[in-house]
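Residue-level listing of the chains:
Number of protein chains: 2
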Amino acid sequence: MSRWEPNASGRLQRAALELYSERGYDQTTVTEIAKRAGLTERTFFRYFADKREVLFYGSGILQERLVQGIDDAPDTLSPLDAIGAALIAAAEPIEEIREFSRRRQAVIAANPELQERELIKLAALSTALRDALRKRGLADLAASLAAEAGLAVFKIAFQRWVDESGDSGGRTLAQLIRESLAELKTVAAGSGPA
Amino acid sequence: MSRWEPNASGRLQRAALELYSERGYDQTTVTEIAKRAGLTERTFFRYFADKREVLFYGSGILQERLVQGIDDAPDTLSPLDAIGAALIAAAEPIEEIREFSRRRQAVIAANPELQERELIKLAALSTALRDALRKRGLADLAASLAAEAGLAVFKIAFQRWVDESGDSGGRTLAQLIRESLAELKTVAAGSGPA
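Residue numbers (my numbering), protein chains in the order written: chain A, 25 to 218; chain B, 25 to 218.
It should be emphasised that the hints constitute simulated quantities derived from the structure, not laboratory data.
Do not take every clue at face value.
Treat identical chains as interchangeable: a pair holds within one or across any two.
Calculated lysine-lysine pairs in the BS3-like style (CA-CA distance at most 27 angstroms, straight line) [what the hints assert, rightly or not]:
#1 Lys75 to Lys159
#2 Lys59 to Lys179
#3 Lys159 to Lys59
#4 Lys159 to Lys145
#5 Lys59 to Lys75
These numbers come from a predicted model, not from an experiment.
Sequences are here, hints too, so could you generate the full structure?
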């Protein structure tokens with residue numbers, strides 16, 4: 025029963041999300057998630073601390089990818105464009121899981137405790153982005169602002185990507201990130217009327 | 025015992041913050057807060073739902089002031105400058121309560137539950153700013169980005185204001201908001217290296 029299972033974490037995440045969507049988050053137990061995935065509870069707890077963390081497993085991976093993306097960005101890029109490049113690189117694997125992401129957002133939107141957890145994760149992500157920008161030699165204030173602005177671009181692009189139905193053109197997350205980043209620059213540069 | 029008490033909510037807020045700082049948030053009861061303020065528990069519950077809400081009473085007032093400030097901003101201002109004007113107007117009464125704000129931040133920083141609450145309040149504030157900008161005729165995407173950017177300016181300026189000790193020059197919150205807003209514009213305009 026403790027043998028290695030191929031893609032166990034992915035199977036558990038999909039099973040959990042199915043059950044949260046069908047029955048509600050509060051009504052679902054770890055036992056049921058493991059059963060739906062065809063795995064044991066012991067395997068579940070090898071990957072996740074509890075049923076809440078199943079929904080936030082991807083947040084840690086996203087943070088690692090974004091920090092790596094900023095580290096990898098050419099020195100010639102401005103701070104905001106370095107974040108933009110990191111966001112677009114991190115978007116690629118996410119494009120594959122649009123339906124998963126949509127259902128995840130719906131589960132979180134229905135539960136205040138999960139919303140709080142999401143906000144905590146986003147705040148941690150902002151701090152990680154700021155620290156990655158500092159490593160590029162950026163001063164504190166500029167790094168904090170660029171991190172917050174970059175995170176806003178991602179949050180807003182991600183929400184639009186999740187909300188967009190196929191018949192509205194089905195733009196990619198990368199396209200929506202580019203559009204949001206360009207719009208942020210316009211907003212920040214604007215000196216005329218709204 | 026139920027007579028009107030002058031500035032009861034202010035006295036309760038100060039008493040609560042003193043006790044949270046002295047004994048810790050978890051160790052303080054509503055009974056103790058009311059006693060310290062020289063008021064009854066009944067008066068406490070006339071203003072606050074629970075001991076947590078005492079710390080967030082100001083958030084609602086800030087939100088009202090910011091929305092009003094955006095409504096009042098001249099049409100000739102860009103969205104971000106309209107938020108900037110609203111932030112600077114809202115900063116004025118806050119300048120008076122720096123020590124209170126500093127202790128409040130310390131209590132919140134020491135307690136994950138309070139940090140979550142703070143993030144929820146900030147998310148609500150972002151939504152309120154976005155809606156106020158939409159009322160000025162701004163499109164959804166630009167309004168969302170300007171609201172998030174404006175909120176980042178405030179958060180970062182506020183944190184610096186709270187952190188700064190008197191001997192670092194003791195800049196006002198309004199000055200720090202102006203500086204953060206200018207830096208955000210520089211960051212967003214930058215196309216060169218970090």
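Provide an ascending list of the numbers of those earlier hints which the structure does not satisfy. Hint check: 1, 2 and 3 fail, others pass.
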